[in-house]
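Protein chains: 2
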Amino acid sequence: MESQLTLFYGLCVLVAVLAFAFAAYLYLWVKKQPQKNKTIEDVATLIRNGANTFMNREYKILAVFALIAALLILVFLPSPIWKGNATANIAMAVSYIIGAVLSAVAGKIGVLVASLSNGRSAEAAQKGIKPAFLVGFRGGAVMGLLVVGCALIGVAVVLWIVGDASILLGFSFGASSLALFAKAGGGIFTKTADVSADLTGKVELGIPEDDPRNPAVIADNVGDNVGDVAGMGADLFDSNVAAMASALILAQTLSGGEFATVSMVLCYSLLGLLASIIGIATARIGKNGNPTNALNSSTYVTTAVYMVFTAVATLLFEGFSWRIWGASTTGLLVGVIIGLATDYFTDDSKPIVKKVAHASKSGPAFTILSGVSYGFISAMPAMIGIAVSALIGYNICAPMGEGFAIFGIAMAAVGMLSIVGMIISNDAYGPIVDNARGLAEMGGLGEETIRIADELDSAGNTVKAVTKGFSIGAAGLTVISLLGTFMSEANHALIAAGKEVLTGFDLMNPTVFFGILIGAAIPAVFSAMLILGVDRNAQRMVAEIHRQFNSIKGLREGKAGVKPDYDRCIDIATTGSLRELIPAGMVAIIATVLVGFIGGPCAVGGFLMGNIVSGLLLSLFMSNAGGLWDNSKKYVEAGNEGGKGSEAHKAAVIGDTVGDPFKDTAGPSINTQITVVSLVASLLSSLFVSFSIFM
Amino acid sequence: MESQLTLFYGLCVLVAVLAFAFAAYLYLWVKKQPQKNKTIEDVATLIRNGANTFMNREYKILAVFALIAALLILVFLPSPIWKGNATANIAMAVSYIIGAVLSAVAGKIGVLVASLSNGRSAEAAQKGIKPAFLVGFRGGAVMGLLVVGCALIGVAVVLWIVGDASILLGFSFGASSLALFAKAGGGIFTKTADVSADLTGKVELGIPEDDPRNPAVIADNVGDNVGDVAGMGADLFDSNVAAMASALILAQTLSGGEFATVSMVLCYSLLGLLASIIGIATARIGKNGNPTNALNSSTYVTTAVYMVFTAVATLLFEGFSWRIWGASTTGLLVGVIIGLATDYFTDDSKPIVKKVAHASKSGPAFTILSGVSYGFISAMPAMIGIAVSALIGYNICAPMGEGFAIFGIAMAAVGMLSIVGMIISNDAYGPIVDNARGLAEMGGLGEETIRIADELDSAGNTVKAVTKGFSIGAAGLTVISLLGTFMSEANHALIAAGKEVLTGFDLMNPTVFFGILIGAAIPAVFSAMLILGVDRNAQRMVAEIHRQFNSIKGLREGKAGVKPDYDRCIDIATTGSLRELIPAGMVAIIATVLVGFIGGPCAVGGFLMGNIVSGLLLSLFMSNAGGLWDNSKKYVEAGNEGGKGSEAHKAAVIGDTVGDPFKDTAGPSINTQITVVSLVASLLSSLFVSFSIFM
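These protein sequence lines map, in sequence, to chains A and B.
Numbering-wise (the working numbering), the first sequence opens with residue 1 and increments by one.
Numbering-wise (the working numbering), the second sequence opens with residue 1 and increments by one.
Keep in mind the hints are simulated off the structure, nothing from the lab.
It cannot be assumed that every hint is accurate.
[To be verified] Quick list of in silico lysine-lysine cross-link-like pairs, DSS-like style, CA-CA up to 25 Å:
| no. | chain 1 | residue 1 | chain 2 | residue 2 |
| --- | --- | --- | --- | --- |
| 1 | A | Lys634 | A | Lys361 |
| 2 | A | Lys355 | A | Lys130 |
| 3 | B | Lys130 | A | Lys650 |
| 4 | A | Lys355 | A | Lys31 |
| 5 | A | Lys361 | B | Lys361 |
| 6 | B | Lys36 | A | Lys644 |
| 7 | B | Lys83 | B | Lys499 |
| 8 | A | Lys650 | B | Lys644 |
| 9 | B | Lys634 | B | Lys644 |
| 10 | A | Lys130 | A | Lys32 |
| 11 | A | Lys650 | B | Lys83 |
| 12 | B | Lys644 | B | Lys361 |
| 13 | A | Lys361 | B | Lys32 |
| 14 | B | Lys36 | B | Lys130 |
[Unchecked claim] If you anchor each label on the Cβ, the simulated ranges turn out as follows:
| no. | chain 1 | residue 1 | chain 2 | residue 2 | range |
| --- | --- | --- | --- | --- | --- |
| 15 | A | Leu67 | B | Gly639 | 31 to 39 Å |
| 16 | B | Ala497 | A | Val75 | 49 to 57 Å |
| 17 | B | Ala304 | A | Val75 | 47 to 55 Å |
| 18 | B | Pro399 | A | Gly498 | 19 to 27 Å |
| 19 | A | Ala638 | B | Leu205 | 30 to 38 Å |
| 20 | B | Leu72 | A | Gly401 | 37 to 45 Å |
| 21 | A | Gln35 | B | Arg547 | 55 to 63 Å |
| 22 | B | Val593 | A | His546 | 43 to 51 Å |
| 23 | A | Ala638 | B | Val75 | 40 to 48 Å |
| 24 | B | Gly444 | A | Ile582 | 39 to 47 Å |
| 25 | A | His546 | B | Ala281 | 37 to 45 Å |
| 26 | B | Val593 | A | Gly319 | 42 to 50 Å |
Here a beta-carbon is modelled for each residue, glycine too, at the ideal position from N, C-alpha and C.
Between the sequences and the hints, there should be enough to build the whole structure, so can you do that?
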């Protein structure tokens, strides 16, 4: 059986390399596309430079954080260095750093590719929707392939070398702690710029979106890159790694046939990447085709290919089980269903968006109230979906023996995240074509080109809703299986300390209950801090934009040669978001540590559950309500309920402004927050066992 | 020991009668106050009639619901009538009806007293703040004393007669199911009217609040009565009964010395009422005194008196324990702390309100974003408070023996709710003086009188925040102890069925987890349905107001003798809210039943916990954010950040409009929703044991 395992390690590396090669091919293809328009090139350069400035400053701060964390890990984890063996501590610290570096690399790659594709997609739009779509999509695919390839090769190689899956917790924590700050920082940056640009440009001055007179317009485009592309890349890299790590740790602790279960996790992960490669390679759009359909159909192709591939693997390989295949397939299908439900609440061809647009006719208060309400309702299907897939995954695998039940949940998460390569491609497509639209406007490419870019952008928004539902669902399942990982890690420590092991976390135990309530409050506080960060920053930037419009002569009128000071705005967004990112990121980590040292493992178990439950609820609520408001605004702008400039439009714009930090700062960051908390808990479990006040 | 129990039954009845007598005295005192102004009398009559019309129509619908529920109880509960003994079923059904009727009576009394006090308080304000305060406060006190007296005498007499505390579940369910619908219906009514009146009057036409030209102005005042007074009375009646019922059921199942524990619950409850009587009797305000301080200091007097009384009782009576006293005192003190924390986030002399007012200068989106953020953060202290008091209550009482630990949590809830008589008095004071302000305006009592009425009203708003924090905290603790009740009821059924008993609800059990996720989604869906109800209704009413202003000649200009059609607005609010109340109320009940019949007792245990956690989070968030927006608006209106008519003011009004259904419809209704769900679960536990699909 050990030879089977070696086979899969090798295959993981092979498929990852294949993904890299395919990404390189697509990268060269994109690069080959023409970029002739001087203005677009100039602006694209400004955007690229802005993004690089922000990311360099951000990574400098995060490098300090990561070094401190690595040092702490070296001394204390998995067990204090003076007690355990030093090799394990070194392995953990090194894999932490690898995780953190790969996460940063994922972000950098995203920005590089996006800044390459956006201008080219804009120019391609002059020739029609087909070439413009392909440039945007292939740019996104480079990102998707590289991120998933890095995750797969990283996990496989670390495990191959050290052999002990629990070291992957360090790798995963490196990825997720960086993702937490990258999402928080990038999320604050992007929405600071977006909200300020909209408020001053669209609302006050009535100039179009992406008008080059607006001093915040470059910062807004930079934000799309550092928030949506880099942040999202780091986020999904982290979820993907966490899902694999959790499944692998559980697989290793399973009694009997552990090699087969470990092989299965590796096999399912590599087949997911392979399926994504095929899905990406076969993505097509007709000459006047619908980009939404093109994106969705490649998702379905990937799903079907994955299911067939894993079924074949189950037939072929010794020790593979149909039950595991069932759990993984359930996860994937439920992911698709969650995506469709999200789509129902946020797509502007469906009734909900129309209702919110209609409510806007009575004023902004009704836009907000109806959006909040439907946002809350929209959380229900996903919550049910996650609950049902956990229940099914658990029960399908329970008959396989002790410990397999929770492993079934982990495999449902792996299944849901299997097609993450495809998901990231679709997700990265969004900000690329969003940027392309802006560049088409600024480059003066004409009405028709802007219309095409608009259509591509709108498809990006719609698909984003689906992929967001997917990634929240997967994060939900992953952290549930991480709860299992936490219990198994805590039990190792309890056995070592000669104490009674945990058999579960009883809701009737007030220590658990104590943890649940605190855990449930954290995502609320965390997201509030992020939103307040955007709020504070945007107020500063609005003041700066007003200053520029008042002091730079001829700017307001668009006099030739008069340019706003774009850099000041980029600087405000950068400085502000870097100031806000550390406190918001730390609050969740510190709360976990405090609860653990006060209440011990039982309190932490409750804490994780409370955190998962309220985190899922709030992140679904915020992401969906934000998407809903965004599309309601677009629906009104398309000429409904009074169209542009009407009272309904003003109200819809206010709704969209509220929704922006909901859907692009707080909502998706909560995802990362719950993963980080789960990993911190698992990592520190032995310390909680030794040093808690009450337990 | 049985004689001791009889003594306490008798004392309960005695103290309840004392409370009734004191209420009668205060009622007569209020009635004796002069009411001379003809306009005020007319308007007060309109309000009274409107309130009665609504409540009569509402109670007719609820009577049908209650009869059906009573019939179902008669047939199925506590066990199917063909299996168990018929007497228990009859007792359960009858006590259900008593609970429902007393809840309706509590609502009716509230409206009666409020409609008597509001006009008199307005007229008294001509003589100064002192007499006006006293009329408002004593009017509220009548309500407080009667509601708590009814709860105490109801619980004591039912238990005295039937002897089996679990029959109290029927009584409590009667109270809470009615409260659920009354809160939902009244909450939708009041905010429909309030929001419509504000939007058309203040925002569009720029006429003052309570201007008699506004067709919705009477409906708005009716709403204060049916929503805030009647709904709140029913709500706190229900919480009070549920806390007593849960503690009594646990007390009866405790092994050994059961009479002493039952006596203690009764004794603590009656001493709470006694303390409230003393607090009310000693409430004073100086000639130019501060009404907020007067209200708060009587709360503190009540708290201190209660602590001393219960300490004395512990010294005096055989079998009473200092541990129980500790648990109850902890609950009470934590209640005060939660109240103070709520105050910090919603009082306009504190920084948070000022920050939100300042953010309003940048536009309504920032009002909303900052209010939502601080609302989320404000949930944290209360969540910690509840968690800590449960932990302390549990650990203080755990050494007393098996089962005492969870009883400790129940006694913390009893402690927190002990001073509910005082709380209701303060709470009912709010809408009375709010109405008084409106009547002073409509009756033309002059600037100075309106100013005094305004001051009284503002104190009402501030105190409301504190009492709301209190009641949410208490509901949280009560439902936790109801979770214990549910487990003990389910175990009775499991033993009877010869199945293995539950020892707890393990988070790692996916059936429990399944329940948690569904349970957590319910408060979100429930509150969304209520808000959408307000939204839909208000849109209808706004259309009607526009119609009247356009078609009734001279109305807009305020021509003498021209009156709007107040009744049409009242009718719209009534019909609309009655249409919305049943679906919103049923969603929670049906979800509980479905989860129970699908997943059995384990799923229900998880469901209750998910429901509690997300219910607490959302209700704290909504209540506090709403209060925060309301007071930010008032702060701007007081001349800050640009004052009335400024852009900041417009933004603050939008915030207030969003906050209205948050704080007066959805937020407080969630409280009742979680109680109802817990009671439904306990009541149906034996059916879930027998008939669930998976378990």
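Consistency of the hints with the structure:
no.	hint	result
1	A/Lys634 with A/Lys361	holds (14 Å)
2	A/Lys355 with A/Lys130	violated (33 Å)
3	B/Lys130 with A/Lys650	violated (47 Å)
4	A/Lys355 with A/Lys31	violated (43 Å)
5	A/Lys361 with B/Lys361	holds (23 Å)
6	B/Lys36 with A/Lys644	violated (55 Å)
7	B/Lys83 with B/Lys499	holds (17 Å)
8	A/Lys650 with B/Lys644	holds (21 Å)
9	B/Lys634 with B/Lys644	holds (9 Å)
10	A/Lys130 with A/Lys32	holds (16 Å)
11	A/Lys650 with B/Lys83	violated (64 Å)
12	B/Lys644 with B/Lys361	holds (12 Å)
13	A/Lys361 with B/Lys32	violated (49 Å)
14	B/Lys36 with B/Lys130	holds (19 Å)
15	A/Leu67 with B/Gly639: 31 to 39 Å	violated (52 Å)
16	B/Ala497 with A/Val75: 49 to 57 Å	holds (55 Å)
17	B/Ala304 with A/Val75: 47 to 55 Å	holds (51 Å)
18	B/Pro399 with A/Gly498: 19 to 27 Å	holds (25 Å)
19	A/Ala638 with B/Leu205: 30 to 38 Å	holds (32 Å)
20	B/Leu72 with A/Gly401: 37 to 45 Å	holds (44 Å)
21	A/Gln35 with B/Arg547: 55 to 63 Å	holds (59 Å)
22	B/Val593 with A/His546: 43 to 51 Å	violated (57 Å)
23	A/Ala638 with B/Val75: 40 to 48 Å	violated (56 Å)
24	B/Gly444 with A/Ile582: 39 to 47 Å	violated (59 Å)
25	A/His546 with B/Ala281: 37 to 45 Å	violated (59 Å)
26	B/Val593 with A/Gly319: 42 to 50 Å	holds (43 Å)
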